[in-house]
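The hints should help you fit chain B onto chain A, whose structure is shown.
Number of protein chains: 2
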Amino acid sequence: MKKNKRIGALVDELTSNPGRLYDSKHFCEKFGIAKSSLSEDMKIVNEVLRENGSGHVESISGVGGGIRFIPGISEEKTAELQNALIEILSDSSRILGGGFLYTADIMYESHFVRDMAKVFAMRFSGLGADYVVTVETKGIPLAAQVAFLLNLPLVVIRREAMYSEGSTVSINYFSGSNQSIRKMSLAKRAVRQGTKAIVIDDFMKGGGSMVGVREILGEFDIETVGMGVALESREPIKKRVDGCLSILIIEEIDEEAGRIRISPSENL
Amino acid sequence: MKKNKRIGALVDELTSNPGRLYDSKHFCEKFGIAKSSLSEDMKIVNEVLRENGSGHVESISGVGGGIRFIPGISEEKTAELQNALIEILSDSSRILGGGFLYTADIMYESHFVRDMAKVFAMRFSGLGADYVVTVETKGIPLAAQVAFLLNLPLVVIRREAMYSEGSTVSINYFSGSNQSIRKMSLAKRAVRQGTKAIVIDDFMKGGGSMVGVREILGEFDIETVGMGVALESREPIKKRVDGCLSILIIEEIDEEAGRIRISPSENL
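Taken in sequence, the protein lines are chains A and B. Just so we're aligned: the first sequence equals residues 132 to 399 in the numbering used here. Just so we're aligned: the second sequence equals residues 132 to 399 in the numbering used here.
By construction, these hints were calculated from the structure, which means they are not laboratory data. Each hint should be verified, as a subset may be incorrect.
The list cannot tell twin chains apart, which means a pair is met if one copy fits it or any two copies do.
Below, in silico cross-link-like pairs of lysine to any residue (SDA-like), each with a Cα-Cα straight-line distance of 20 Å or less [unchecked claim]:
id	residue 1	residue 2
1	K134	S168
2	K174	M132
3	K314	S298
4	K314	A292
5	K136	S147
6	K319	D236
7	K156	R199
8	K319	S298
9	K161	S205
10	K369	E382
11	K327	G259
12	K133	M173
13	K133	N183
14	K133	E178
15	K133	S168
16	K327	P284
Isolated chain A (complex conformation) (with noise of 0.2 Å):
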């Protein structure tokens, strides 16, 4: 195979496979080529996935070590995303009263969610997690793509224990922004005792549903070591969870004025 196919082949393998420790050796025998021809390809692929702000190649080094992609996105496209997605949800008829945004559709956008999740997986890889965890339903597809591109398994916590999910766990937490009562329910055998979790969810306002995962993953010994959103309510102030990235804030909405202002979070 010519070197321009390799280098194709090779662009498509490990873009595919985010977070996939490939062996030398099998590139090596795939395209019967030596270690050192490799090592040339491999600088391009790493050039170009650079230059087009895609992430890069991370080569580890020794016995167990290899090659792998770790995906990102640049600041210039991370600045673009929230840019579109401001312009997008300041449209005065997504107010839906009780201080409320329709978002679904963003949610559920896939551009926009593959943009948000490399954000996020950006951000998350490398602290040694084992599943990515959020709470049905909207901020599913997210939470799918930052497990896709970390290459961890999906976790959902179901708001109501169903019986095609086996035994489970569940407990009750304090919504804010529903000023009530909620209940989680996790399935026993969905996670191992004593891992860690990233968890992602598309909302938080005061962070009572981030509270109520962090508990029930409690109740396995499950550390949540990283929290992402797509969006954050600027109030209240003070959250009852510390260290959650945001991609946007809802700063205001104002539904006597029909106006919204959302601004680029400052913590990512």
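Then chain B, alone, in the frame of chain A:
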């Protein structure tokens, strides 16, 4: 930029944006090359993608034409996917009683989801669909991935009308699996009237849920042009809908003997 870097950059750009139509000018300008050189490059890119079993590049000539990546999966890789799933799902500890099988981990595992999505995207590309639709919860990652591969928005039908979805249309339908009347709810602003949809779900038994989805879509004058589920139950043989594709067929769950029989679907 050298030819081999261009090939890498083209593979990265195209495979990251499946279904997106690029004007050839876009790449000619980006790389500073003539249309004839781009055609040569594209020939190589196409060879790489086909040989990797990742899909192919489609060139549409004339005004409004361009280049786009159509994802795919080879018959060999589809058979590998089916065999891997059959092995994992045949573990008798998955039997939950009442004819239920624990499948959530499979529906949330990135690589299985990605490959199943490719099977559906390949078959449903070219049907002119406007949306990929699913019912919460377990089918969401699969449907989201199909939507990404087809460059379409995802639409999630909820079990309960949520305040954050604005005004909704709801229906009641009979679920044979649960032997009960269940509810579905779709946000009015999630879809446009008179469009076409592909419906993706994790599981189909009698087809009651699929009938419900078609009915609620019908309320918006939306035609269902394709249906796909990951797992289909052999029984009942007579389904309430025709033409639904599946990846695997659950032939038998024998609770007493602890035996599960699953086979690759014949309809692929």
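Failing hints, ascending?
-> none
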